[in-house]
Amino acid sequence: MTTKPRFALPALNALLGSAMIGTLVLAALAGLLWTPFDPLAIDILGKLQAPGAQHWLGTDEFGRDVMSRLMNAAFTTLSIAVLTVLAATLTGVCLGILSGYLGGVVDRAVMMITNTLLAFPGILLALGLLSVLGNSRYGIVLALGLAYCPSVVRIVRSTVRSLRESDYVEASRVMGHSEGFILLRHILPNCLAPLIVLATSMLGWVIISESALSFLGLGVPPPEPTWGNMLAASRDNLSDAAWLAIFPGLCISFALLGVNLLGDALRDLLDPRMQR
Amino acid sequence: MSSTEDLPLLAVEGMTIAANGKVVVDDIGFELFRGETIAIVGESGSGKTLATRALMGLLPTGVECDEGRMRFDGEEYRIDELRALKTLRGHRLGMIFQEPMTSLNPALKIGRQLHEGLKLHTRISRAEREQRILAMLERVGLARDANLLDCYPHEFSGGMRQRIMIASVMLMSPSLVIADEPTTALDAVVQREVMETLLALTREQGNAAILISHDLAMVAHYASRILVMREGRLVEQGTTERLLAAPQHPYTRKLLDALPRRVALPAPEHSGPPVLALNQAVIEYPGRKRWFGAAIAKRAVDDFSVAVAKGETVALVGASGSGKTTVGKAIVGLVPLRSGELCFSGTPWSAMDQRQRRAWRLDCQMIQQDPFSSLDPRMRVRQIIDEPLRLVETMNRAQRQARVWEVVEEVGLDPAFLERFPHQLSGGQRQRVAIARAIARKPRFIVADEPTSALDMTVQKQILTLLGELQRHYGFACLLITHDLGVVEQIAHRVVVMEQGRIVESGERDEVLDAPRHAYTRRLLSSLPLLSACESGGFQLKPRAFIDPIEQEG
Numbered sequence: 001m002t003t004k005p006r007f008a009l010p011a012l013n014a015l016l017g018s019a020m021i022g023t024l025v026l027a028a029l030a031g032l033l034w035t036p037f038d039p040l041a042i043d044i045l046g047k048l049q050a051p052g053a054q055h056w057l058g059t060d061e062f063g064r065d066v067m068s069r070l071m072n073a074a075f076t077t078l079s080i081a082v083l084t085v086l087a088a089t090l091t092g093v094c095l096g097i098l099s100g101y102l103g104g105v106v107d108r109a110v111m112m113i114t115n116t117l118l119a120f121p122g123i124l125l126a127l128g129l130l131s132v133l134g135n136s137r138y139g140i141v142l143a144l145g146l147a148y149c150p151s152v153v154r155i156v157r158s159t160v161r162s163l164r165e166s167d168y169v170e171a172s173r174v175m176g177h178s179e180g181f182i183l184l185r186h187i188l189p190n191c192l193a194p195l196i197v198l199a200t201s202m203l204g205w206v207i208i209s210e211s212a213l214s215f216l217g218l219g220v221p222p223p224e225p226t227w228g229n230m231l232a233a234s235r236d237n238l239s240d241a242a243w244l245a246i247f248p249g250l251c252i253s254f255a256l257l258g259v260n261l262l263g264d265a266l267r268d269l270l271d272p273r274m275q276r
Numbered sequence: 277m278s279s280t281e282d283l284p285l286l287a288v289e290g291m292t293i294a295a296n297g298k299v300v301v302d303d304i305g306f307e308l309f310r311g312e313t314i315a316i317v318g319e320s321g322s323g324k325t326l327a328t329r330a331l332m333g334l335l336p337t338g339v340e341c342d343e344g345r346m347r348f349d350g351e352e353y354r355i356d357e358l359r360a361l362k363t364l365r366g367h368r369l370g371m372i373f374q375e376p377m378t379s380l381n382p383a384l385k386i387g388r389q390l391h392e393g394l395k396l397h398t399r400i401s402r403a404e405r406e407q408r409i410l411a412m413l414e415r416v417g418l419a420r421d422a423n424l425l426d427c428y429p430h431e432f433s434g435g436m437r438q439r440i441m442i443a444s445v446m447l448m449s450p451s452l453v454i455a456d457e458p459t460t461a462l463d464a465v466v467q468r469e470v471m472e473t474l475l476a477l478t479r480e481q482g483n484a485a486i487l488i489s490h491d492l493a494m495v496a497h498y499a500s501r502i503l504v505m506r507e508g509r510l511v512e513q514g515t516t517e518r519l520l521a522a523p524q525h526p527y528t529r530k531l532l533d534a535l536p537r538r539v540a541l542p543a544p545e546h547s548g549p550p551v552l553a554l555n556q557a558v559i560e561y562p563g564r565k566r567w568f569g570a571a572i573a574k575r576a577v578d579d580f581s582v583a584v585a586k587g588e589t590v591a592l593v594g595a596s597g598s599g600k601t602t603v604g605k606a607i608v609g610l611v612p613l614r615s616g617e618l619c620f621s622g623t624p625w626s627a628m629d630q631r632q633r634r635a636w637r638l639d640c641q642m643i644q645q646d647p648f649s650s651l652d653p654r655m656r657v658r659q660i661i662d663e664p665l666r667l668v669e670t671m672n673r674a675q676r677q678a679r680v681w682e683v684v685e686e687v688g689l690d691p692a693f694l695e696r697f698p699h700q701l702s703g704g705q706r707q708r709v710a711i712a713r714a715i716a717r718k719p720r721f722i723v724a725d726e727p728t729s730a731l732d733m734t735v736q737k738q739i740l741t742l743l744g745e746l747q748r749h750y751g752f753a754c755l756l757i758t759h760d761l762g763v764v765e766q767i768a769h770r771v772v773v774m775e776q777g778r779i780v781e782s783g784e785r786d787e788v789l790d791a792p793r794h795a796y797t798r799r800l801l802s803s804l805p806l807l808s809a810c811e812s813g814g815f816q817l818k819p820r821a822f823i824d825p826i827e828q829e830g
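Protein sequences appear in the order of chains A and B.
Reading the first sequence from the start, the letters are residues 1 to 276 in the numbering used here.
Reading the second sequence from the start, the letters are residues 277 to 830 in the numbering used here.
If you are wondering where the hints come from, they were derived from the structure by calculation, not from laboratory data.
It is possible that part of the hints are untrue.
Unchecked claim - FRET-style restraints, in silico, Cβ to Cβ:
1) Pro272(A) <-> Glu375(B): 21 to 27 Å
2) Pro194(A) <-> Arg359(B): 31 to 37 Å
3) Glu375(B) <-> Pro194(A): 39 to 45 Å
4) Leu15(A) <-> Asp426(B): 51 to 57 Å
5) Pro272(A) <-> Ile572(B): 41 to 47 Å
6) Arg631(B) <-> Leu15(A): 53 to 59 Å
7) Glu472(B) <-> Leu15(A): 55 to 61 Å
Here the structure is a predicted model, which means the values were calculated and not measured.
For glycine and all other residues, C-beta sits at the position ideal for the given N, C-alpha and C.
Let the sequences and hints guide you as you build the complete structure.
Put into structure tokens, the structure is as follows:
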């Protein structure tokens, strides 16, 4: 019933998305080993230089090379984002499946906790947790993971609840299969599509949240760069050194676009209904 | 007006429709006179729906009408221009869709939805509109009650919703009503009532109607002329009597052959205890919990007993909501029994140990109603059929694979289908996969829950024939749940009729169908047209003649 034949859009998305993510991962790994300048070396005389021949992407208010800092930050930022999403998704899926499949008391307990967490602004929750945990990298992962977990729980729970009543699950039960088998074989694979969409967009939110935490002084502590805290620090010189905001911003957008393209492509490629 | 009386109300010429460059309706033309009811019959995918949608200007995007003109009520139109023409749709051309569950907006009260059309096409006052609406609701068989207008669609049953839909269309008194499978989603009895309401209304208003259906028998009951469509072409058209008595095109003959006819069945083995017996079963659903006091359970099935012997098919017939599906679910263990006893091969469930119970569970299989939702969309046919075999401990991987190949061929599918996903199969093919899955473990008992109600007539016939063949081959006992007595005629040995959770009549198939004792059975039967072969090799439509004790008494 579609208007026009779709030109292998998933394949194009997959190609573009994986190319973008690949570039970022390479840059992040390279940034660990080598950067054009020392990302932490302060050069007060060369501060706030516009992008030019020597410093390709300019320097910041301490004269540190922006490009080196971005490369160095890539690993920190991406690893925090990926770990956070993994933590949120894994706990969310477990809780969501338990709550959706078992129902009853378990469901009510899980949903009560989830709804309480949801009622809190996520960033406030993370703030509170971080002030208890101390602002280390893993503290951030833990705090943001917890803050983002409820949305995963809710989505998985509602998907599981509708799948639980589906005819093919019933058929499997009549065949005599155990509940565990049904969960792994029928329910989990069919939860995949909404999960991938959620996880990939969550990756973006986490990068932004991390920068917000940095902005409040609870993110990765300076001088170690992340895209978020670089963006946050650029605010003071926004009017005369716009590149300080533009380049980290571009990096974040680039990462998000890549991840979302790849996510969409994955969702389509993993869904047999999209194949012909 | 008198000059247009003798001209056809609608004349369609050379209509050709293409979807994505592929011709789906090929050069179709027909005429329709005032007050006439005609039918377009064909399988799904024959283009019958698209052809009539084009007349309404309701083709989905991507589907284009390349050619074709229509003359309606004395005016000429080009069919590809109809999409932009709002004066025709609703006001003079009405359409009733197949699925009453989705054709009404669930978020709006029905009153508002009924007002909508009148507001758009007439200039009468609100009070007057309300009067007309209430009169129409009464006319379609609902109460003349203003409170109804404040109800939402979900508060009505499927049949009532379709009546509301009919009311909303007929309020406009359109000169032509197109009804696209208007009763396919409904029970046999409700189907007949709704059809009759619809046609009585069109007759009263002196309008014409086009019925679209895959069910030739149903349509033959109501239409004066029938058009047969196949793969986008009009293969045959003629008056109903002529078409039934002397079908010319082989496809029409195939459609006629697919009509339910009684088939003599080999007698089942009645030696030994029945494979399955259910004695005085009571099944209750927990009621909604009130704020105070305990929940009141709803009794779905009461005092129900049935026994099925080896190689026997017992049909469980009833309207939706009569509890027939619940009985099936209880037998396969999806729903607990409140009281009563389930016996397998004479051994009561309560007397079995854990191992025996497990063995019996594995020996009971089920075929579900809707093959579109009963197969996991993420699994290949091979994996789907293999799924029940995974629990057979004595089979290794290679043996399982061999068995999958074997059953796939037994249900008449090409082994090439094994690597496909369900969405790549047609409805009939999917149901074959579901049947293959059910018989893979060679069960002794199968519950078939409306196995053909989602399928076309021709496919239905094939599936029922297949089930019969498999039963003769494997000798399983079968409980067939259905609301369609046509299915019963073809495949069942015995019939149990249920109404509101209780058995109202049971007996041998021929006895029950020829001399029904209970009023409900009789109502069911009268909605099933009887076709009898006539000398020309065709058929004749006859009303069912059975002795009606009530009429005799009165």
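Worksheet entry | Distance restraint evaluation - Glu472(B), Leu15(A), Cβ atoms, bounds 55 to 61 Å | Roughly 60 Å apart at Cβ, these two residues keep to the hinted range, so it holds.
Worksheet item: Do Pro272(A) and Ile572(B) keep their Cβ atoms within the hinted range of 41 to 47 Å?
Response: holds, 45 Å
Practice prompt. Could you see if the CB distance from Arg631(B) to Leu15(A) stays within 53 to 59 Å?
Written response: Once the Cβ atoms are compared, 55 Å apart, the range 53 to 59 Å for Leu15(A) and Arg631(B) holds.
Worksheet item: Has the hinted range 31 to 37 Å been met by the Cβ atoms of Pro194(A) and Arg359(B)?
Response: Given range 31 to 37 Å: holds, Cβ gap about 35 Å.
Worksheet item: Is it true that the C-beta distance of Leu15(A) to Asp426(B) lies inside 51 to 57 Å, as the hint says?
Response: Holds: the Cβ-Cβ distance is about 56 Å, inside 51 to 57 Å.
Worksheet item: Between Glu375(B) and Pro194(A), is the Cβ distance one that fits in 39 to 45 Å?
Response: violated, 26 Å
Worksheet item: Pro272(A) and Glu375(B), beta-carbon distance inside 21 to 27 Å?
Response: holds, 26 Å
Violation of the numbered hints given earlier is confined to hint 3; every other hint is satisfied by the structure.
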